[in-house]
Amino acid sequence: MSTQSTRFAARLMVAPSVFVLFIWMIVPLAMTLYFSFRFYRLLSPERAGWTGLTNYTWFFKAPDFWLAMGNTLLLVGGVLVITVVLGTLIALLIDQPVYGQGPLRILVIAPFFVMPPVAASIWENLFMHPQNGLFAAVARGLGGQPILFLESYPMASVIGIVSWEWLPFATLILLTALQSLSSEQLEAAEMDGASGLNRFRYIILPHMTRAITVVVLIQTIFLLGIFGEIFTTTQGGPGSASNTLPYMIFKQAIVAKDIGRAAAGGIIAVILANIVAYFLMRGIGKNLDA
Amino acid sequence: MGKIVLKSVRKSFGEVDVIPGIDLTIEDGEFVVFVGPSGCGKSTLLRLIAGLEDVTAGTMAIDGRDVTAAAPSERGLAMVFQSYALYPHMTVRKNIAFPLKMAGLSQADQDAKVTAAAKVLNLTNYLERRPGQLSGGQRQRVAIGRAIVREPSAFLFDEPLSNLDAALRVTMRQEITELHQSLKTTMIYVTHDQVEAMTMADKIVVLNAGHIEQVGSPLELYNTPANTFVAGFIGSPKMNLIEGPLAAEQGAHAIGVRPEHMGIVSEGGWEGKVLLSEHLGSDTFLKVQTVNAGTLTVRAGGEVRLSHGDTVRLAPLPGKTHRFGSNGLAL
Amino acid sequence: MARATTPRRKALTTLAAWSVALIIFFPVLWMILTSFKTEASAVASPPEFLGASWTLENYAEVWSRSDYPRFFWNSVVISVGSTLLGLVIAIPAAWSMAFVPGKKTKDLLMWMLSTKMMPAVAVMIPIYLLFQWLGIYDSKIGLVIALMLMNLPIIVWMLYTYFKEIPGEILEAARMDGAGLWNEVVYVLAPMAVPGIASTVLLNVILAWNEAFWTITLTTTKAAPLSAFIASFSAPQGLFYAKLSAASTMAIAPILILGWFSQKQLVRGLTFGAVK
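Residue numbers (our numbering), protein chains in the order written: chain F, 1 to 290; chain P, 1 to 331; chain L, 1 to 276.
Simulated from the structure, these hints should not be mistaken for laboratory data. In this text, all values refer to a predicted model and were calculated from it rather than measured experimentally. The C-beta atom is built at its ideal place from N, Cα and C for all residues, glycine as well.
Below, simulated DSBU-like cross-link-like pairs (lysine-lysine); rule was C-alpha separation at most 30 Å, straight line:
1. L/K164 / P/K94
2. P/K238 / P/K287
3. P/K94 / L/K264
Chain F is nowhere near these chain L residues, computed Cβ spacing over 10 Å in every case:
4. L50
5. W54
6. T55
7. Q132
8. E165
9. P195
10. A198
11. T221
Go ahead and model the full structure; you've got the sequences and the hints to work with.
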């Protein structure tokens, strides 16, 4: 619904964004692809050359590769489930009339302001530390043994920390969606004889579909690359129990200084991200229209 | 000056021909109303004239100047939108002055013109308010004010009254008509309301599915509709259309009788039973199920006391029957 | 909901809601409390609350041991700079997508978002090399560019959703009133979108402020922002809880304060404009 000259102007105006993003995506990707077929170790620079698929096969044969893949998906899935479920419950709770709604909301969104390295180090040191952490002190106070969170349950601990960081985001989006639901609709459902649970199931939940989609989409984008929290807390350990694909790549690049392998890992990570994105868009993309 | 000539103007969105081809001349100073059911292409036609859409084919000229490819701002037209499209962040004064500012007028000239327009439109006391603080009718006047300060060669109105309540609509209708009489500038007015078309227009263009069904003055359309579509669209309540043997008797595929031209007779005519009777005081509208002529609407006098189930006999007033052929055209 | 609630019910929900909120907020609160304790008090067992010995010494020590003002200034320049640069590039794009949508608009938007799906670690080496090669490694301008590109898809998306709420007729009215494209954007679109633009800016400043991967990868000392500052403090682990807490508090305080003061716009922004 517009004239040719406006359509032309529109294309011109969208061009800079597309151009810079395309460069930002394609140049590093091409370089990564190139490196992934090269023998490229910073520690032995004299041995540079093509190595075919060796870097890839190394990854697929690495004992902890599939574990790392699994952990990556577990992290994304776990955080999504926790934040969406808890976020919905909290949103339903604070949508009720309560005293001090403003300050309450400030407290709930606070974790979002905490940068990931700080969040990880608070949890690791002040809470989960087996000697000095608050959890350990509470356990001792109750006469039990401190739980070794990061040693015994590394993935669960990381998922817990990341969920805490993302809970405010999920809660807020879901709360906003909840507030836009007309009370007339709920009252109509009540007149129709729907119980509280049925009102949630048939009125509230469908109304929040779009919001949940947004939460899932945006969080997945950020969660697939999660790295800092693992780096700060478990370093992928103990052993490789909490290794994820991004962390594995990081280790190859920085610890082993094997750029070729890191690049191959990077390509695998990109492919994984694309597969996830594909299923995500097919599964829930249609919810975004409307 | 504002003579607008459209020659074989066509508009398609992708595969769909919204307007297959229209020729139309709008004379300088005329009040032309485009009327038709929703989706008939009337708003698209207006937007084509405004330059907000490109024509797919054909040419368009304003006062002899070809404007087919001109940008909206180069056509010297002003438009009042259905939603008024006031700038919510600007005061009334700034809203009205905006086209003048875009034209590069000096501040003093802008102020003088805004003040004058505000006086005409009774907006003087509201100049420092924002659109959000105005009533619907006031917003409408601001939109008109923004249009008149430009002194355009023609005004375009896109269903401007559809967001107002019934009483205000009548007032604004009169105000726009008076404005036309004092400015004598060409106005093109789009509506789906045939009452607005009948009361305001010098010339009505009836559109249907992108075609012009008929062009003429309100009374021409009322008295001599060119086809069944116009017959049914102009006039309220709708003209009764009767097909079958009764029409064949008169050598037509269908005959049309307006409700106000249907008489109640004591003998002869078409017998039927009253289904519904609406007493408005001045008039009584009857819906009658006849034996041979189907369901007919009748506009009877206010004194008529008939109610559901009563039997009546109906006959068209002499000389008030319209005859249509099988292609829908008037015979 | 329009319905009246009994005071008892409201008191109960208030209690429940505040408990949940305090649990969510507690880690931040505990960090702030710890930052004011002496080191001994910070690791005391059982944990000390009101009876702890309070001190400001941790802040003094962190301040004297590091160049906080420089890190802080770098953070400000990088987060604000990247957001403003992003805005300049994104506003025209969002205008196009919102008001002249085509068949491909949705796909284009999704493609933009998908560029964010590429794990940063995967392209770390190439970006590092490119930045070295371009001479913008460890420079503020380099980080401004990197974070602008990181957040550009989000900025475009948010602006797009805000712009879509503005009726197209108003822009058409501006065109009829003789405004060219530039005047249309400057006098009509931008002022109308101010709340949305404010939310976008706020959220992206926070995202950029909290970004910790590229800021650490692409800097050493000169351009390092607060995320690098905190990383250097968490290295000697375990022993200096109070100082670590003080440094952490100093790193997040500016954004915490900014966020609390502009809560309304932020809440709007946090939903990425995607939910009304």
